[in-house]
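Participant: Heads up: the sequence shown begins at 1 in our numbering, then just goes up one per residue.
Among the hints, erroneous ones may be present.
[What the hints assert, rightly or not] Derived pair list, reagent style SDA-like, types lysine to any residue, alpha-carbon separation capped at 20 angstroms:
id, residue 1, residue 2
1, Lys132, Leu31
2, Lys8, Met35
3, Lys248, Glu298
4, Lys248, Arg209
5, Lys8, Asp49
6, Lys248, Ala293
7, Lys132, Pro175
8, Lys8, Ala293
9, Lys248, Pro259
10, Lys216, Asp160
11, Lys132, Pro203
12, Lys248, Ser258
13, Lys248, Ala283
14, Lys132, Asp43
15, Lys132, Asn170
16, Lys132, Gly36
17, Lys248, Pro226
18, Lys248, Phe288
19, Lys8, Arg314
20, Lys248, Thr212
21, Lys8, Val313
22, Lys248, Thr275
23, Lys8, His297
24, Lys132, Met35
25, Lys8, Glu298
26, Lys8, Gly268
27, Lys8, Asp310
28, Lys8, Gly284
29, Lys216, Trp153
30, Lys216, Gln150
31, Lys8, Thr275
32, Lys248, His297
33, Lys8, Ala266
34, Lys8, Tyr274
35, Lys216, Arg242
36, Lys216, Gln157
37, Lys248, Ser287
Keep in mind that the hints were calculated from the coordinates and are not lab data.
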Amino acid sequence: MPRGRPEKPIVIAHRGASGYLPEHTLESKALAYGMGADFLEQDVVASADGTAMVFHDLVLDHTTDVRSRFPGRSRDDGRHYVLDFTVAELRQLNVTERRRPDSERALWPSRFAANTGQFQMVTLADELRLIKELNRTTGGTVGAYVEIKQPGWHHQQGADLSRIVLDCLNEAGLPSGTEPVFLQCFDYAELGRLRHDFATSVPLIQLLRSPTSQNKESDFGHLCSPAGLAELAQTVAGIGPRFSQLLKTEPGGTWGPSPLFTTARALGLLIHPYTFRADDLPAGAASFEQLLAFFFHELRVDGLFCDFPDRAVRVRDRQPAVSPGES
1 MPRGRPEKPI VIAHRGASGY LPEHTLESKA LAYGMGADFL EQDVVASADG TAMVFHDLVL
61 DHTTDVRSRF PGRSRDDGRH YVLDFTVAEL RQLNVTERRR PDSERALWPS RFAANTGQFQ
121 MVTLADELRL IKELNRTTGG TVGAYVEIKQ PGWHHQQGAD LSRIVLDCLN EAGLPSGTEP
181 VFLQCFDYAE LGRLRHDFAT SVPLIQLLRS PTSQNKESDF GHLCSPAGLA ELAQTVAGIG
241 PRFSQLLKTE PGGTWGPSPL FTTARALGLL IHPYTFRADD LPAGAASFEQ LLAFFFHELR
301 VDGLFCDFPD RAVRVRDRQP AVSPGES
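Model the full structure from these sequences, guided by the hints.
Facilitator: Shown next, in the form of structure tokens:
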């Protein structure tokens, strides 16, 4: 499959500069662009009228004011689904900082205050236009990194999300070679469909969960095995694992590469781990910069997803003094 290691690791702005502004808003994406991110990520779900919306969840309840704006529009489970609203209706919602499930409390209290400001939901077409125009006016080459969210669920609801996304990319003239683009998904069967049924030339990334994950999108135990990774190498350009899946704790508490990392690297797969958050550090990381430095300069991943793209760019562009786990 088409792939090649970049000259230097790419910084992928996770839902934009989501550590600073509400996720998946144009304001968050423009800020990430200005911070020097190489790619802006778009999670995509479908609207009632078959439009690709940039939104992380199937439901609107955790990051919008849908309950007060459209009372009585929930399904039997009490939640409001993006797929049940038209684009015109979705644009009426105010997007806010992510709240904890079934709560008004912010998930990340130190971030942009919840229920503050006026931020709008956007379509994938909106965001591709933003990237194209910013590249034109600045001379940049920032790319789009699109995730197809839960395509199996969309199929059950009568929506072909992959076709919707590919149509939108084609209408935007992507891939054109000017603005780079990736497509990612947790669903291995859907990535196979993109490669073989749609014959897309867009590089594909298989998102991975823990091998013990109970999620039914894919058999992650198999995909994370040497045999599964070899199988993936015939279909996709790379993998997007949780960053902890790439770590092995060495004697003395230092970190080293996991078997998943070494096998994927030997197969020539790109490695783009997620998600690096300054307000959610793992055990053994003395600081956010130290964590980033280990992945950029010691593991030498090909890129990573980060909520704080400015900090990732700074660490990527300089050598660290100390690795995580070292005294």
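Participant: Within 20 angstroms, alpha carbon to alpha carbon, are Lys132 and Leu31?
Facilitator: holds, 15 angstroms
Participant: Just to be careful, I want the Cα atoms of Lys132 and Met35 compared with a cutoff of 20 angstroms; is the pair within it?
Facilitator: holds, 17 angstroms
Participant: Compare the distance between the alpha carbons of Lys8 and Ala293 with 20 angstroms, and conclude whether the hinted pair is satisfied.
Facilitator: Holds, at about 13 angstroms.
Participant: Measure nothing beyond the straight line between the CA atoms of Lys132 and Pro203; if it is 20 angstroms or shorter, mark the hint as holding.
Facilitator: Measuring from Cα to Cα gives roughly 19 angstroms; hence the hint holds.
Participant: Check whether the Cα positions of Lys8 and Tyr274 lie no farther apart than 20 angstroms.
Facilitator: holds, 17 angstroms
Participant: Does Met35 sit within 20 angstroms of Lys8, going by the straight-line distance between their CA atoms?
Facilitator: holds, 17 angstroms
Participant: Holds or violated: Lys216 and Gln157, Cα atoms, limit 20 angstroms.
Facilitator: holds, 17 angstroms
Participant: Does Ala293 sit within 20 angstroms of Lys248, going by the straight-line distance between their CA atoms?
Facilitator: holds, 16 angstroms
Participant: Given the proposed pairing of Lys248 with Pro226, does the C-alpha separation stay at or below 20 angstroms?
Facilitator: The given pair, whose Cα atoms are some 16 angstroms apart, holds under the 20 angstroms limit.
Participant: Compare the distance between the alpha carbons of Lys132 and Asp43 with 20 angstroms, and conclude whether the hinted pair is satisfied.
Facilitator: Holds, because 18 angstroms separates the two Cα atoms, which is no more than 20 angstroms.
Participant: Hinted pair, alpha-carbon criterion (20 angstroms max): Lys216, Arg242. Please report holds or violated.
Facilitator: holds, 17 angstroms
Participant: Straight-line Cα separation of Lys8 and Ala266 no greater than 20 angstroms?
Facilitator: Since the Cα atoms of Lys8 and Ala266 sit roughly 18 angstroms apart, the hinted pair holds (cutoff 20 angstroms).
In this structure, the hints that do not hold are numbers 5 and 28, in rising order.
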